[in-house]
Amino acid sequence: DAGVIQSPRHEVTEMGQEVTLRCKPISGHNSLFWYRQTMMRGLELLIYFNNNVPIDDSGMPEDRFSAKMPNASFSTLKIQPSEPRDSAVYFCASGLQATQETQYFGPGTRLLVL
Amino acid sequence: QKEVEQNSGPLSVPEGAIASLNCTYSDRGSQSFFWYRQYSGKSPELIMFIYSNGDKEDGRFTAQLNKASQYVSLLIRDSQPSDSATYLCAVNRAGRRALTFGSGTRLQVQP
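Same order as they appear, the protein sequences are chains A and B. The numbering of the first sequence is the numbering used here, which starts it at -7 and goes up by one. The numbering of the second sequence is the numbering used here, which starts it at -2 and goes up by one.
Check before you lean on any hint, since a few could be wrong.
To be verified - Here are the computed lysine-lysine pairs in the DSSO-like style, where the Cα-Cα straight-line distance is at most 27 Å: (1) Lys53(B) - Lys(-1)(B); (2) Lys60(A) - Lys16(A); (3) Lys(-1)(B) - Lys39(B); (4) Lys60(A) - Lys39(B); (5) Lys39(B) - Lys70(A); (6) Lys64(B) - Lys53(B); (7) Lys39(B) - Lys16(A); (8) Lys16(A) - Lys70(A); (9) Lys64(B) - Lys(-1)(B).
What the hints assert, rightly or not - A short list of chain B residues far from chain A (calculated; beta carbon distances all over 12 Å): (10) Ser9; (11) Val10; (12) Ser29; (13) Glu42; (14) Ala65; (15) Tyr68; (16) Leu72; (17) Gln105.
No lab work stands behind these hints, which were simulated from the structure alone. All C-beta atoms in this analysis are idealised placements derived from N, C-alpha and C, irrespective of residue type, glycine included.
Using the sequences provided together with the hints, build the complete structure.
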């Protein structure tokens, strides 16, 4: 099994640019989570999908952030426009709802906004 | 009060000793509890989960849950240098399917 796949693994961009992060969950999983990790705030949930439907987006910082899940095997997290404070590691995780949300993390995308 | 609290450490133990990692949570309705290990620069990796009061053992790892006192712990027996990492406690709060993570405890196992 390939595990959760994320791309790109690293992204360096300038303030004001649009950034798109991509995630492919583990095949058969019906829950998908986007997290952000920083030294200051730790690992925090941004948004959670179940069966491709956004369930909890209370962690999305502001309107600059948006996430989509057009099908069971693909999700995107977009930041537009990006700001230096968005610099972090962004993780995608997937799980099976039936297993009380045991989640498996992807390798993460390291984002640096200059 | 943070929802999930952990001592940031570092917790330093000699090789072969038992490492004890602790976590407290604030929401009494929390139902599921997880321990993740994260090596520097890597993603969190699930070690164990526990749902019921008491102990759950898996190899060198034992998770302990006490819902009355609202704490979860992870014991690592026969600690190895390869166990050196940050250990994240995560809680599945009632009514919220996603996990809430603590800030992690950094463990150092000295050879």
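Check: Is Lys64(B) close enough to Lys(-1)(B), meaning Cα to Cα at most 27 Å?
Finding: holds (17 Å)
Item checked: Distance rule for Tyr68(B), whose beta carbon must clear each one in chain A by more than 12 Å -> Since the minimum Cβ distance to chain A is about 19 Å, Tyr68(B) lies beyond 12 Å and the statement holds.
Notebook entry, point to check: Is Lys60(A) close enough to Lys39(B), meaning Cα to Cα at most 27 Å?
Noted result: holds (25 Å)
Next item on the list: Please confirm whether Glu42(B) is truly not at the interface, meaning its C-beta sits more than 12 Å away from all C-beta atoms of chain A.
Entry: violated (7 Å)
Notebook entry, point to check: For the pair supplied as a hint, Lys(-1)(B) and Lys39(B), is the alpha-carbon distance within the 27 Å limit?
Noted result: holds (25 Å)
Next item on the list: Could you check that no beta carbon of chain A comes within 12 Å of the beta carbon of Ser9(B)?
Entry: Answer for Ser9(B): holds, closest chain A Cβ roughly 21 Å.
Item checked: Restraint status (C-alpha distance of Lys53(B) to Lys(-1)(B) at most 27 Å) -> holds (26 Å)
Checklist line | Status of Gln105(B), Cβ more than 12 Å from any chain A Cβ | finding: holds (18 Å)
Check: With d taken as the least Cβ-Cβ distance between Ala65(B) and chain A, does d exceed 12 Å?
Finding: It holds; Ala65(B) is separated from chain A by about 21 Å at its closest Cβ, greater than 12 Å.
Notebook entry, point to check: Can the restraint linking Lys64(B) and Lys53(B) be considered satisfied, given a maximum Cα separation of 27 Å?
Noted result: holds (14 Å)
Margin query: Hint check: Lys39(B) vs Lys70(A), CA-CA at most 27 Å. Holds or violated?
Written below: The given pair, whose Cα atoms are some 22 Å apart, holds under the 27 Å limit.
Checklist line | Given pair status - Lys16(A), Lys60(A), alpha carbons within 27 Å | finding: Roughly 12 Å between the alpha carbons, so the hint for Lys60(A) and Lys16(A) holds.
Hint check: violations occur at hints 12, 13; the rest are consistent with the structure.
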